[in-house]
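When you get a sec, could you build the whole thing from the sequences and use the hints?
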Amino acid sequence: MRNSRHIEILVGAFMAAGLVALFFLAMQVSNLGSTSTGDGYRVTARFDNIGSLKVRSPVTMAGVRVGRVSAIDYDSTTYEAVVSLHIEGRFDQIPEDSFAKIFTAGLLGEQYIGLDPGGSESYLTEGGELALTQSALVLEEIIGQFLFSKAQEGVKDE
Amino acid sequence: MASVGEPLVKIRDLHYSRDKNHIFKGVDVDIARGGVTAVMGPSGTGKTTLLKLIGGQLYPDSGTIHIDGQDVHKMKTSDLYRLRMRMGMLFQSGALLTDISVFENVAYPLREHTPLPESMIRKLVLLKLEAVGLRGARDLMPSELSGGMARRVALARAIALDPGMIMYDEPFTGQDPISMGVLVKLIRSLNDASRLTSIVVSHDVQETAGIADYIYLISDGKVVDQGVPEKMMDSRSEWSRQFMKGLPDGPAAFHYRAPELEQDLMG
Amino acid sequence: MLDPLARLGRAGIDTLEQIGRGHLLLLGILSGFADLARRPRLLIAQLYAVGVLSLLIVAVSGTFVGMVLSLQGYYILSQFGAEQTLGVMVAASLVRELGPVVAALLFAGRAGSALTAEIGLMAATEQLSGLEMMAVNPVKRILAPRFLAGFISMPLLAAIFSALGVVGGYFVGVGLLGVDDGAFWSQMQAKIDLQGDVRNGVIKSLVFGFVCTWIALFQGYYAVPTAEGVSRATTRTVVHSSLAVLGLDFILTALMFGD
Chain A
1 MRNSRHIEIL VGAFMAAGLV ALFFLAMQVS NLGSTSTGDG YRVTARFDNI
51 GSLKVRSPVT MAGVRVGRVS AIDYDSTTYE AVVSLHIEGR FDQIPEDSFA
101 KIFTAGLLGE QYIGLDPGGS ESYLTEGGEL ALTQSALVLE EIIGQFLFSK
151 AQEGVKDE
Chain B
159 MASVGEPLVK IRDLHYSRDK NHIFKGVDVD IARGGVTAVM GPSGTGKTTL
209 LKLIGGQLYP DSGTIHIDGQ DVHKMKTSDL YRLRMRMGML FQSGALLTDI
259 SVFENVAYPL REHTPLPESM IRKLVLLKLE AVGLRGARDL MPSELSGGMA
309 RRVALARAIA LDPGMIMYDE PFTGQDPISM GVLVKLIRSL NDASRLTSIV
359 VSHDVQETAG IADYIYLISD GKVVDQGVPE KMMDSRSEWS RQFMKGLPDG
409 PAAFHYRAPE LEQDLMG
Chain C
426 MLDPLARLGR AGIDTLEQIG RGHLLLLGIL SGFADLARRP RLLIAQLYAV
476 GVLSLLIVAV SGTFVGMVLS LQGYYILSQF GAEQTLGVMV AASLVRELGP
526 VVAALLFAGR AGSALTAEIG LMAATEQLSG LEMMAVNPVK RILAPRFLAG
576 FISMPLLAAI FSALGVVGGY FVGVGLLGVD DGAFWSQMQA KIDLQGDVRN
626 GVIKSLVFGF VCTWIALFQG YYAVPTAEGV SRATTRTVVH SSLAVLGLDF
676 ILTALMFGD
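Chains as they are written, first to last, in our numbering: chain A, 1 to 158; chain B, 159 to 425; chain C, 426 to 684.
There may be inaccurate statements among the hints.
Unchecked claim - Restricting the straight-line Cα-Cα distance to at most 25 angstroms, the calculated cross-link-like pairs of lysine-lysine (DSS-like) are:
| no. | chain 1 | residue 1 | chain 2 | residue 2 |
| --- | --- | --- | --- | --- |
| 1 | B | Lys-183 | B | Lys-380 |
| 2 | B | Lys-389 | B | Lys-403 |
| 3 | C | Lys-565 | B | Lys-210 |
| 4 | B | Lys-232 | B | Lys-210 |
| 5 | A | Lys-54 | C | Lys-616 |
| 6 | B | Lys-168 | B | Lys-183 |
| 7 | C | Lys-565 | B | Lys-232 |
| 8 | C | Lys-616 | A | Lys-101 |
| 9 | B | Lys-234 | C | Lys-565 |
| 10 | B | Lys-178 | B | Lys-210 |
| 11 | B | Lys-281 | B | Lys-210 |
What the hints contain is simulated information worked out from the structure, not anything from laboratory work.
The structure is reproduced here in structure tokens:
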């Protein structure tokens, strides 16, 4: 066998490339890699209803993405959703009294958290909590309320 | 073990057909130990098929082939493989593995079947190549060899495991006179030097008759004549004389079976 | 009047015979794996022929397929204002379907046809017969390493195809069309499931690798040993493999993603 060493190296490289590709698909493309965070800090926010917010949904300020949702938990005593936000390290001047709202990108798009800056002089740090929140708009609820109020009006008119 | 006088290969009442063509209709052949036995006949009489039947690659419809007293077609596969290690076969094309060098081709059976160390394999391969006069060609690839050289390399490979029997499938076909002469000499000298039993399948009368100890003539699925070469040349059988002397017409007609020419032309 | 019926019967019997021979061959190949453990060198040589030599076409195709997916997907998704989900679309199409399927089709064309031609020519030049007469089982020595190499290479090739496709899609989507970098990945990671998508894609490519290599070896081994016979067998390998891949893909998809 001539060049058998050469062939061995190429086969080794091929196997390695294949495994790297599989690893890439598992870690970067699918949700297995969602635990990787990098530098930054974590704050929490409580919502009555998070709609279809997901782990890894973006967190934005003035439309600029500043972090991601890193975990979603449920507090069974207060019946609230507890959302952990991972904010990137360079956005370290977010007022403590900022307002966290759940928005929907477009009519049917994905839900994300938008932060409206407050007026406080002190900034959010690791482990802080966003006290002011506004829940997601759930389309069915809005439609339901609309229909209900229409029905109410109908009753009054009679 | 059978006695020395007993033939090495005993073929009895062999029938074989392929796609409704009856190739053998009751063939009886004995191959004597230590001799060169030739099986001759016109092209298309299934001479190669006979070798494949002896090697256990094909199964007969009926009849038996015994080698050294064992029925080839009733053996377990592992026994058959052990038997084949003691058989060499030289294919018409050489059948060298085209992706490895001459040296590796000859070394192949040694590497497969023996635990010999590399240095020993090297010595054996060079000796075998020396025997066929191609020691200098060891680094060539099979595609770089001429037909005659390829056949000699294949011969070196066939004798690599020092078999007790070698089968030659049309060893002289398509060779120039010189390599033909080389092969004739090789077959005879290999046979005599190492007490081999050789089976030569061929239709080259002169060369085969020159080295064979005994000749079988096969035609139309049957053994039509047999004997020592000298006797065959002056056989009483008209057919044998025609074949051995290469006469164009005789009992074996020049024309393939066909309706009368007039009929064909008019039709 | 009974002629068509007889022909149908004949065809049925022939097909059954083929299937039977194919399975016997497969059995022979699988029984050769034990020998292979003692001679890993045989496998490495075949991994090179089957895997490494198919790598270039698979890598290039994967990248371009990903780029085109991204381009097309963008135009459609942007009409709904959903271009943020471009990453999901590209990755899901690749990981679930295009990766395993297109890689298998390329594999059949590149490696499968080469295997058939090689084995067919080895049969035509009596090399397989020669091995048999040297007391070497060609099914174990020649076919088994090729089969295993195909089975190992296919999922790796499919993974490389998908991964490069996602990267290609990323460059077009984020680099050229201006989709948000974070949204591209985050949406993708949120929607693509390791179990449901990635693992099922790998299972598909394992099945395709098995079937494609099997077909290629079968066609080569039973090719009529003439120039024409080998060329026909090579064509059959590509046609049968492609049909088998597409048919099996439908069945597997229905089984995996059906409920």
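For each hint, the structure was consulted:
With a C-alpha separation of about 6 angstroms, the suggested pair B:Lys-183 and B:Lys-380 falls inside the 25 angstroms cut-off, and the hint holds. About 13 angstroms separates the Cα atoms of B:Lys-389 and B:Lys-403, which keeps this hinted pair within 25 angstroms; it holds. The straight-line distance between the Cα atoms of C:Lys-565 and B:Lys-210 is roughly 20 angstroms, inside the 25 angstroms bound, and the hint therefore holds. For the proposed pair B:Lys-232 and B:Lys-210, the alpha carbon gap of about 15 angstroms is at most 25 angstroms, so the pair holds.
For the hint pairing A:Lys-54 with C:Lys-616, the CA-to-CA distance comes to about 10 angstroms; that is within 25 angstroms, so the pair holds. Between the alpha carbons of B:Lys-168 and B:Lys-183 the distance comes to roughly 16 angstroms, so the proposed pair stays at or under 25 angstroms and holds. Distance check on the hinted pair: C:Lys-565 and B:Lys-232 sit about 22 angstroms apart at the alpha-carbon level, within 25 angstroms; holds. Among the hinted pairs, C:Lys-616 with A:Lys-101 is consistent with the structure: their alpha-carbon atoms are about 23 angstroms apart, no more than 25 angstroms.
For a cut-off of 25 angstroms, the pair hint linking B:Lys-234 to C:Lys-565 stands: about 17 angstroms separates their Cα positions. Of the supplied pair hints, the one linking B:Lys-178 and B:Lys-210 holds, its CA atoms being roughly 18 angstroms apart against a limit of 25 angstroms. Among the hinted pairs, B:Lys-281 with B:Lys-210 is inconsistent with the structure: their alpha-carbon atoms are about 31 angstroms apart, more than 25 angstroms.
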